[in-house]
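If you want the building blocks of each chain, they are given just below.
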Amino acid sequence: MSWMVLAPGFLLGALAIALPVILHFLRKQPTEVNTFPTLVFLAKSLRKKARFNSIRRWLVLLARCAIFGLLALAFARPFFAQPIVSSSTALMIILDNSYSMGAGGQFEKSKADAIQAVQDLGPGDLAGLILANSHPRLEVPLGQDKDAVLQALKTAELSFSANDYDSALRLADAQVTASPCGTKLIDLFGDNQDLAWQAVDFKRPLTPGVQLKIAPSAPRDLEDVAIDDVKVAAPFTAANQKMSAEVKIHNLSATAAQTRKLHLELEGKEVATADVSLRPGEIADLNLEFTAGPLQPTHGLAKLEADAFPINDTRYFVLNPVSPLRVGVWPPGPAGEVDLLSVALAPSPELATLSPAAITSAADLGKCDVLVLRPGDVSDPTLAAAIVDAIQKGKPALVFVDGSHASQLWLQDLGLASGPRHSSDDPLHLGAIDFNRPEVAIFAKPGNGDLFDIRFTNPPDLQLPDSAKIIASFDDGTPALAEAASGQGALLLVATGLDRASTTWPLQSTFLPFVQESLKHLVGRDVPVSQVLVGEALPGEHPGVNSDTPGIVPTTQGGVLQFVAVNIDPAESDLTTWTNQLDLDRLTSSKTPPPAVSFLAALQGEEVERHQRFWWYAILATTGFLFLEIFLANRTPL
Amino acid sequence: MTSEILDLDLVQRLESLELRARYVVEGFLSGLNRSPFRGFSVEFAEYRHYFPGDPLRLIDWKLYGRTDRLYVKQFEEETNLQCHLLLDLSGSMNYRSRAPVMTKIDYARTMAASLAFFLHRQRDSVGVTLLKPDGIDYLYSRVSNTHLRQVMNNLEGATAAGEIDLAGGMQTFANLLHRRSLIILISDFYETPEALASALKRLRYDHHEVIALQILDPAEIDFDFWESSFFHDLENGARLVIDPASIRREYQKNFKAHQRQIANVMRDYEVDLTQFRTNTPMEGALSAYLAKREGKQ
Numbered sequence: 001m002s003w004m005v006l007a008p009g010f011l012l013g014a015l016a017i018a019l020p021v022i023l024h025f026l027r028k029q030p031t032e033v034n035t036f037p038t039l040v041f042l043a044k045s046l047r048k049k050a051r052f053n054s055i056r057r058w059l060v061l062l063a064r065c066a067i068f069g070l071l072a073l074a075f076a077r078p079f080f081a082q083p084i085v086s087s088s089t090a091l092m093i094i095l096d097n098s099y100s101m102g103a104g105g106q107f108e109k110s111k112a113d114a115i116q117a118v119q120d121l122g123p124g125d126l127a128g129l130i131l132a133n134s135h136p137r138l139e140v141p142l143g144q145d146k147d148a149v150l151q152a153l154k155t156a157e158l159s160f161s162a163n164d165y166d167s168a169l170r171l172a173d174a175q176v177t178a179s180p181c182g183t184k185l186i187d188l189f190g191d192n193q194d195l196a197w198q199a200v201d202f203k204r205p206l207t208p209g210v211q212l213k214i215a216p217s218a219p220r221d222l223e224d225v226a227i228d229d230v231k232v233a234a235p236f237t238a239a240n241q242k243m244s245a246e247v248k249i250h251n252l253s254a255t256a257a258q259t260r261k262l263h264l265e266l267e268g269k270e271v272a273t274a275d276v277s278l279r280p281g282e283i284a285d286l287n288l289e290f291t292a293g294p295l296q297p298t299h300g301l302a303k304l305e306a307d308a309f310p311i312n313d314t315r316y317f318v319l320n321p322v323s324p325l326r327v328g329v330w331p332p333g334p335a336g337e338v339d340l341l342s343v344a345l346a347p348s349p350e351l352a353t354l355s356p357a358a359i360t361s362a363a364d365l366g367k368c369d370v371l372v373l374r375p376g377d378v379s380d381p382t383l384a385a386a387i388v389d390a391i392q393k394g395k396p397a398l399v400f401v402d403g404s405h406a407s408q409l410w411l412q413d414l415g416l417a418s419g420p421r422h423s424s425d426d427p428l429h430l431g432a433i434d435f436n437r438p439e440v441a442i443f444a445k446p447g448n449g450d451l452f453d454i455r456f457t458n459p460p461d462l463q464l465p466d467s468a469k470i471i472a473s474f475d476d477g478t479p480a481l482a483e484a485a486s487g488q489g490a491l492l493l494v495a496t497g498l499d500r501a502s503t504t505w506p507l508q509s510t511f512l513p514f515v516q517e518s519l520k521h522l523v524g525r526d527v528p529v530s531q532v533l534v535g536e537a538l539p540g541e542h543p544g545v546n547s548d549t550p551g552i553v554p555t556t557q558g559g560v561l562q563f564v565a566v567n568i569d570p571a572e573s574d575l576t577t578w579t580n581q582l583d584l585d586r587l588t589s590s591k592t593p594p595p596a597v598s599f600l601a602a603l604q605g606e607e608v609e610r611h612q613r614f615w616w617y618a619i620l621a622t623t624g625f626l627f628l629e630i631f632l633a634n635r636t637p638l
Numbered sequence: 001m002t003s004e005i006l007d008l009d010l011v012q013r014l015e016s017l018e019l020r021a022r023y024v025v026e027g028f029l030s031g032l033n034r035s036p037f038r039g040f041s042v043e044f045a046e047y048r049h050y051f052p053g054d055p056l057r058l059i060d061w062k063l064y065g066r067t068d069r070l071y072v073k074q075f076e077e078e079t080n081l082q083c084h085l086l087l088d089l090s091g092s093m094n095y096r097s098r099a100p101v102m103t104k105i106d107y108a109r110t111m112a113a114s115l116a117f118f119l120h121r122q123r124d125s126v127g128v129t130l131l132k133p134d135g136i137d138y139l140y141s142r143v144s145n146t147h148l149r150q151v152m153n154n155l156e157g158a159t160a161a162g163e164i165d166l167a168g169g170m171q172t173f174a175n176l177l178h179r180r181s182l183i184i185l186i187s188d189f190y191e192t193p194e195a196l197a198s199a200l201k202r203l204r205y206d207h208h209e210v211i212a213l214q215i216l217d218p219a220e221i222d223f224d225f226w227e228s229s230f231f232h233d234l235e236n237g238a239r240l241v242i243d244p245a246s247i248r249r250e251y252q253k254n255f256k257a258h259q260r261q262i263a264n265v266m267r268d269y270e271v272d273l274t275q276f277r278t279n280t281p282m283e284g285a286l287s288a289y290l291a292k293r294e295g296k297q
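Line by line, the protein sequences give chains A and B.
The first sequence begins at 1 in my numbering and counts up one residue at a time.
The second sequence begins at 1 in my numbering and counts up one residue at a time.
For the record, the hints were derived by calculation from the structure and aren't laboratory data.
All values reported here derive from a predicted model rather than from experimental measurement.
Hints should not be assumed to be uniformly reliable.
[Unchecked claim] Dumping the calculated DSS-like pairs for lysine-lysine here, alpha-carbon to alpha-carbon at most 27 Å:
1. K469/A / K445/A
2. K253/B / K44/A
3. K48/A / K256/B
4. K48/A / K253/B
5. K44/A / K256/B
6. K256/B / K49/A
7. K253/B / K49/A
8. K242/A / K269/A
9. K520/A / K469/A
[As the list claims (entries may be wrong)] Stretch by stretch, here's where chain B covers chain A in the computed footprint (C-beta under 8 Å, at least three residues):
10. 29-37
11. 40-49
Glycine residues also receive a C-beta, built at the ideal position from the N, C-alpha and C atoms.
Using the sequences plus the hints, can you model the full thing?
As structure tokens, this is what we get:
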């Protein structure tokens, strides 16, 4: 152990010690002379006190010198550490603690190997520890405190997360690169799982000079059947509702067929069972029907009999009640034709999240959460005025407008305007779409439908105020979908009629989800999140709970209590080993290492602080000497 | 008694020692209820039988006529005291802490002069001996105006300086006395108790009565100094740098111990010790003398 100072300039402050020394030896001699009959008694008293006062004076001098000296030393920030030479080794341990490490005792074996690696280090070598899972954590920064690393290794526990070697490797790389050691080594202790390496960017090698060592691990073929997923098909909208759960089961054994019994429980009570036989590697979907209980947040689980890797034998699910959104539609659909809007609003009982109803009087407006207005017969001016009034007082509405005179009047009543298009009758398509908008966000994913295929014939040219937000535009640049306000009400304007002459949209698969998502967004009712993976952010408010372990957690979403199922990432159950050694070799750079950084620059903030606690002790001692000086100086003659 | 009458400031302002003595004595006397004078006078005191050799002029012939026996008239003059004043002139007596307090030697001289004047008025014979560094200055005792003037002159010229051997001077003085006397010793008694005891022993052995009047300045007792300063010894000229606050308690302890030892020595040799502060009236000295004289008679 040696020491240095981080701010040596402050040591010059120690010269101030000369001040009390000079004052001590150049004490002011008294000028006053008192005559006295005899000094016999004074001399006698003085002799007795002289030694005592002399000791006190030296103590005062010592205290004063110590105050200046310690202050200078404290501000110079002494730093105690083992000197690091270029021959030292910086070893960053990456210990995989994803839950796949629990299979076959791999975690305990890796911990023992990592402990041995740290113990093999010599004095002056540095060590650090990263626990690698889906959120890699720097458990012990690279430093000289190897005991801290050993202790952290001994107490390390498995997580319920999947793995991400890439983030852990980059973190370790940054740590060892910043060290002044000649040998920079990352030692990875894991199960070499295929999944963990898949996300690694092999095109980006580690910093030149950093060596990667991967502890060997034996392939594991366990008799393991996992539940990968549980889905409940229909929304939970009524008490004692007949429901079905789709359970995905995976035989992870590559060599042995497996037979298992699946149990489905609701609130701790078994509500359905099923037997399943799976060939090696087979994935099966099972549908289990059950009857839900009262219309209230409910949780359940699907589980298999425990096997060689029990962590993936259970999966949680929740049933959160959904109250249908009340939708008022006006005016009525065209007589004698299929009302495609009504179909989109109520496609089937399983998707009964909307409850549409035709508006026939002003009294119906109060029973609606949201309005859908379309071109048509608006011959009842009283009802039309009541609708405009309701919108301007805050009722949200999805409004389809065409180029008809009636639509123009509508828009005028709502404080907006449209005009006829001067272009030809060639059909238009959508030219630009803001997929960040929730109304159309689902169409950003491939396979969910293509909005650019929709054909529009002679749509109106919406004249929108600056405050309106364009969601989609036609390919001629005019607005097709826009959000605007009328009074206090929010409007989602769609520049098309719904008849087949105006557009092909109602006949396309994208129309139904668009209508449903738009109405939910207008009302502000997003679909509650019912499931997250371990480590993911929980939705809504969830005081005092987190998603670190599988199970059910209560949250408040939109002011309503909702259960959220926290499950492990099923992909982590696949214990297939990564075998591409060539890719691993690519991670090690062949370039010339950069020059070593200085010792101090290499230390982490906390470690620098840990090595210079003398600063605090010096300040404490200074305070003590200050009190001593005050105590003695007031009681000691010159 | 008369502490309200005597004004020390006024005493100090009187330049002549004799005037000071008169002022003190008159002030003292005016406070007494009766006259203390009973000494030399024509007043008859008592009769005694005539013995051959007695002066014939003292025979009371009228009484002889009535009683047919020879009696001699005895007067107070024959019973008057022989008194010696011993004055310490060591340098320590030259101290005064602050004006208007008198120096100890001034206070002592005034006290001695007052006593001499008082004794003379009482027709007691009075002598004065000055204890100096180079020996003693002895003046025998006698009752006469001329002698009183000589005593006053000696006291007037007495100055305190240097170190003296108080006990040695007392021993020398004792050798000069042939008649039983009242000795009034005026000093600050900065002498070792052992040496003082030895000198007092000698005086008491010769059957002398001794009154000790100790003169001290208030600062010697209270030691009310505060600032660190040089302290200069008035006897031997030594100097010390002293922080009074740090040693005050210790000094007072040592000083009181010395005073206790001196008092013990005095008590052992039946010497009446009276302590005077230079800021207090001095007629107590006269009272002490009177008390002693009464006791003696």
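The hints, checked one at a time:
At roughly 22 Å between alpha-carbon atoms, K469/A and K445/A fall within 27 Å of each other, so this suggested pair holds. For the given pair, K253/B sits about 11 Å from K44/A by alpha-carbon distance, which is consistent with the 27 Å threshold. For the given pair, K48/A sits about 17 Å from K256/B by alpha-carbon distance, which is consistent with the 27 Å threshold. A hinted pair counts as satisfied when its Cα atoms are at most 27 Å apart, and K48/A with K253/B qualifies at roughly 12 Å.
A distance of roughly 13 Å separates the Cα atoms of K44/A and K256/B; the hinted pair therefore holds under the 27 Å criterion. Taking the CA atoms of K256/B and K49/A, the gap is about 18 Å. The hint holds against a cut of 27 Å. A C-alpha spacing of about 13 Å is found between K253/B and K49/A, which places the hinted pair at or below 27 Å, so the restraint holds. For a cut-off of 27 Å, the pair hint linking K242/A to K269/A stands: about 16 Å separates their Cα positions.
Under the criterion of a C-alpha separation no larger than 27 Å, the hint pairing K520/A with K469/A is consistent with the structure, at around 18 Å. Check on the stretch 29-37 of chain A: 9 of its residues sit with their Cβ under 8 Å from a Cβ of chain B, so the three-residue criterion for coverage holds. Residue count for the stretch 40-49 of chain A with a Cβ under 8 Å from a Cβ of chain B: 9. That meets the three needed, and the coverage hint holds.
Violated hints for the displayed structure: none, as all numbered hints are satisfied.
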